[in-house]
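*Asks:* Based on the provided sequences and hints, a complete structural model is requested.
Here is how the chains run, residue by residue.
There are 2 protein chains.
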Amino acid sequence: MRLSKMLFVTLREDPAEAEIPSHKLLVRAGYIRRIGSGIYAYLPLMWRVLQKVSQIVREEMNATGAEECLLPQVQPAELWQESGRWDTYTKAEGIMFALRDRRNRDLALGPTHEEVITTIAKEMIRSYQQLPLHLYQIQTKFRDEIRPRFGLMRGREFIMKDGYSFHTDEESLKETYKDMDRAYRNILRRSGLAFRAVEADSGAIGGSGSQEFMVLAEAGEDEVLYTEDGKYAANVEKAVSLPADAEPSTFKAYEKRETPNTATIETVCNFLKCSPTQIVKNVLYQAIFDNGMTVLVLVNIRGDQDVNDVKLQNELTKLAGEYKANTVLSLTVPDEEAQQKWAAKPLPLGYIAPDLSDDYIAGSKEVSSKFLRMVDQTAVDLENFVTGANESGYHVVGANWKKEFELPKIVVDVRTAASGDRAVHDPKQVLETARGIEVGHIFQLGTKYSQKMGATYTNEKGEEMPLVMGCYGVGVSRLAQSAVEQSYDKDGIVWPVAIAPYHAIVTIPNINDTQQVETAENLYTQLNKAGIETLLDDRNERAGVKFKDADLIGIPYRIVTGRSLKSGKVEIVERATHNSEEVAVEDVVSYLQKSIAAATDSEQ
Amino acid sequence: MRLSKMLFVTLREDPAEAEIPSHKLLVRAGYIRRIGSGIYAYLPLMWRVLQKVSQIVREEMNATGAEECLLPQVQPAELWQESGRWDTYTKAEGIMFALRDRRNRDLALGPTHEEVITTIAKEMIRSYQQLPLHLYQIQTKFRDEIRPRFGLMRGREFIMKDGYSFHTDEESLKETYKDMDRAYRNILRRSGLAFRAVEADSGAIGGSGSQEFMVLAEAGEDEVLYTEDGKYAANVEKAVSLPADAEPSTFKAYEKRETPNTATIETVCNFLKCSPTQIVKNVLYQAIFDNGMTVLVLVNIRGDQDVNDVKLQNELTKLAGEYKANTVLSLTVPDEEAQQKWAAKPLPLGYIAPDLSDDYIAGSKEVSSKFLRMVDQTAVDLENFVTGANESGYHVVGANWKKEFELPKIVVDVRTAASGDRAVHDPKQVLETARGIEVGHIFQLGTKYSQKMGATYTNEKGEEMPLVMGCYGVGVSRLAQSAVEQSYDKDGIVWPVAIAPYHAIVTIPNINDTQQVETAENLYTQLNKAGIETLLDDRNERAGVKFKDADLIGIPYRIVTGRSLKSGKVEIVERATHNSEEVAVEDVVSYLQKSIAAATDSEQ
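So the protein lines, in turn, are chains A and B. In terms of my numbering, the first sequence opens at residue 1 and continues consecutively. In terms of my numbering, the second sequence opens at residue 1 and continues consecutively.
The reader is advised that the hints may include incorrect statements.
Derived lysine-lysine pairs resembling DSS-like cross-links, with alpha carbons at most 30 angstroms apart [claimed, not checked]: (1) Lys-5/A - Lys-174/B; (2) Lys-529/A - Lys-52/B; (3) Lys-403/A - Lys-256/A; (4) Lys-428/B - Lys-452/B; (5) Lys-122/A - Lys-24/B.
Short, incomplete list of chain B residues facing chain A, as computed with Cβ under 8 angstroms [stated by the list, open to error]: (6) Leu-3; (7) Lys-5; (8) Val-9; (9) Arg-33; (10) Glu-67; (11) Leu-71; (12) Asp-101; (13) Met-124; (14) Asp-144.
Since the hints were derived computationally from the structure, they do not count as laboratory data. Just so it is clear, CB atoms sit at the ideal spot from N, CA and C, and this is done for glycine as well.
*Replies:* What follows is the structure in structure tokens.
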């Protein structure tokens, strides 16, 4: 393509809306254009990148025997009501766009396709002989994000590869799950990305096991904890570790102490000259279930530890049935406004005891009239500990479970693992931390959807059994941007060769020089014929502007038909290293063929 | 792909929802599956067809220098308000899905992308040096159809290629328009379809010139009128022709006659023993504009002619400014219920005179208090004509314009052309009729959108000028189904080779016969390696079932490893003709390579 014939517009200024480098660069270099909040147009250069990523994804998926299809984006509400996810996805913090058609029927824009594919499986799969089966699609998806940002990273419209597999049993599911793990690693390696596969929380999708694929980058929204030996890596939402040992208590006798202005762990430790590991911290949460019920949860945890909201939400979801609900819609530390809806009297915030009595709750139809109590395992073995006295400005010291305080029946692991913690698999290994961008997620769903939606098959004995399912997603547009986030410099984008929009750009420094133009035109034609995707900068611009633009858009190889032409050579500049080499005009095609093969081989 | 590993399910029964053969066949053969009204999943076989059509479209578009991109499907309402189309597209008969996000901002699901692309052009195009420019995308679009039907033909979610070009002037636009005409003919020819390019109405998209590409098929929703000499073809909505000559009047004097029970042209002709060409027929319409205003329109037309609603709507749209409106939302013949909203007294329906007096209108804030009168050119030259007397059961005869009736100031062509009419370009040519499925439409938009949205460029003299635009659409999913509608037989689908999901299917009649299986497996591997996309029917089914399925899904070549194996041969059956040939196993690849090349060559 000739730049003179393309929609080629680069900007000098960073766009006001952009916070992270990849977002700024993609807008400045003319790859994307904002149309609305979290909504972008993919301009021609970006579309080429997306097609290249899609093609790598497609090849790796097809190699596993998965079949490509395309499912509807507009989905009838009935399907989501059947699976029990309509309310979770459309109400409260729900992220699904809902709409009504001209006949007032509820519809949704698909953020994911478990419901649609399970319906198809239910209608089309009859027998174990049809299994296993794996269908996938590459498609634009929609999420009504609370805070769209970072360009394509957290958009309201984005491109995903989502696949769904169907099996007779868990064993068959695990095989496909393993295939997908391999396929996803191949996809990321072939795309030229540094990444880490980590244990993950299954979130609203549900199911038993799940793994995320993180592209490592400073601006990543996710924190990954991992060990040097490579044997453990997990999203912090899910990570487990061994906490530091608690220090022995310095308090021998139970006693209530006046501790003014000590509403934080730090202040009470200073005041009482004790370690945070000697404290039982009591944190109050307010959980709202999908049936509208509010449950107040008091969590006891060791003073040096923090509650991991995702783990706590998962523990509460396990208990949803007891409140006649399916799932937790929101989990928050109640502020004063929230408390006013149910508090019978002011709470002693900062001084709450492990057993806050139920008479703090006035209750109402929607609020459970008892505190739900849970203790994190870090707090279970503490003796003679310090904790709140249920009275502002007072703590107790030398307290013990089963003496002063009843130990909650529900013992859980809801603590946040942190870098520096010892690893569970080998206490000599210490957890390290990295930032990552989640670009892939694979799930073992089990029978969660097939049971709710009645999707069954007949086994060899003639019995009707629920289909066992897996689902597997790659964020195609997010992956593309994450490549930029991982690979740029002060001059612009540095695309991995495999997903760059073009391999090379032929730059004519002076379009009034006939020899420069002729050589460039010839090279442009030869390179494209040889399958090397090449741009031609034939614009009437200064050489400096052209070099800057080529660097900004990040094309891997720049061929300059400049001064060295008099000795029959052109300059070839590698974008990533800025290394420049003079190459005879007749050797340019083979030089680039070798370079591209080497660059994409090393990525594979 | 092996059928044993695919989602391969065929049905014996026609689906209840399907009315036309292509819809029945695509469902029965497992290509598509209904998820909701007008919403279909494209299963793996269908997806392959759609990808092949898309690839042909892409190649032809790229060959013209157009650049592929992808624009958002969710579009902010502001853009549509700017262009003035928000109300037309979302209210009354509007076909755009509207929705609200979590912040209550209005959004729409794009049925078309003039607004988005014009916004991008406005922001990115500065100078004439950037022009011409043509961007296109292949994308799922949405329409909240009043009556979704015929499978993918009139769905609520469908795949389109839509392209938009920008120019300095009309001349440059016309060049691209011509390129598109050629590209579209290539697309249809390469897809193996019989089609006709016809003059078309520009409808809600607007603009000056437009042309449709019709795939010819009995079940087509559109009627095409054309002449044998190939010099004229138009959609009936737009077609013009010469009406038959009027017979001279048999009434010499003006007179009112009692004509009981003659509310139709036929009955009054019988009663008065006159020709329909001697009558002025007066048809009352009710037009609702986008600002809510209702205008009553009385059209005078010759008795043997019919009013073409599309032409009339276009004439009314030209007058919209006089009613402070932009466009006509609906145009209907008012029934009794509609009349009650504005009629001051009962109308003499069937006996209306050319000049129905305004005192029939009681009027209201929303109803124009005068009849808008128009005369079709067929009625202008009549003399001593018959027409209604504005009194039930009475006509007048021997009437004349300017004597008994005022000739309306607005003279229009709103008559429906019909097969049998003489052609305008050559009265010796007679219009013939055919049914067609509209699969492509190209428009010269001019400055309609750029002026409304302020999209300008600076010309060579430094003046700011509105961009001149064109837009060009191909219904990708509709084209795919129209291929089936044009090409099937009693046994199933007969895909054109160029867009068939696979070229060939190797059928093993008996999977317990080792020689059959081995030969088939070898052929399957060899054929795929040679680039011939091949299925393997390795299912444990009777040969008859396999043959039936292969015919139903319409794969162009079936290779049967049956009895002739003992003489080293397989049977190759051509789907389209059912011709069968015995071919030596070692010649199968070259035999098919030749056949496929010939079939796709002849299509090109």
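*Asks:* Next, verify each hint and record whether it holds.
*Replies:* Each hint, compared with the structure:
1. Lys-5/A - Lys-174/B: Within the cut-off at roughly 18 angstroms; holds.
2. Lys-529/A - Lys-52/B: Holds - the C-alpha atoms of Lys-52/B and Lys-529/A are around 23 angstroms apart, at most 30 angstroms.
3. Lys-403/A - Lys-256/A: holds (14 angstroms)
4. Lys-428/B - Lys-452/B: Answer violated: Lys-428/B to Lys-452/B is near 45 angstroms, above 30 angstroms.
5. Lys-122/A - Lys-24/B: holds (21 angstroms)
6. Leu-3: For Leu-3/B, the interface hint is violated, since the closest Cβ of chain A sits about 10 angstroms away, which is over 8 angstroms.
7. Lys-5: holds (6 angstroms)
8. Val-9: holds (5 angstroms)
9. Arg-33: holds (6 angstroms)
10. Glu-67: holds (4 angstroms)
11. Leu-71: holds (5 angstroms)
12. Asp-101: With a minimum Cβ separation of about 5 angstroms from chain A (threshold 8 angstroms), the hint on Asp-101/B holds.
13. Met-124: It holds, given that the least Cβ distance between Met-124/B and chain A is near 5 angstroms, below 8 angstroms.
14. Asp-144: holds (5 angstroms)
Checked against the numbered hints given earlier, this structure breaks hints 4, 6; the rest are met.
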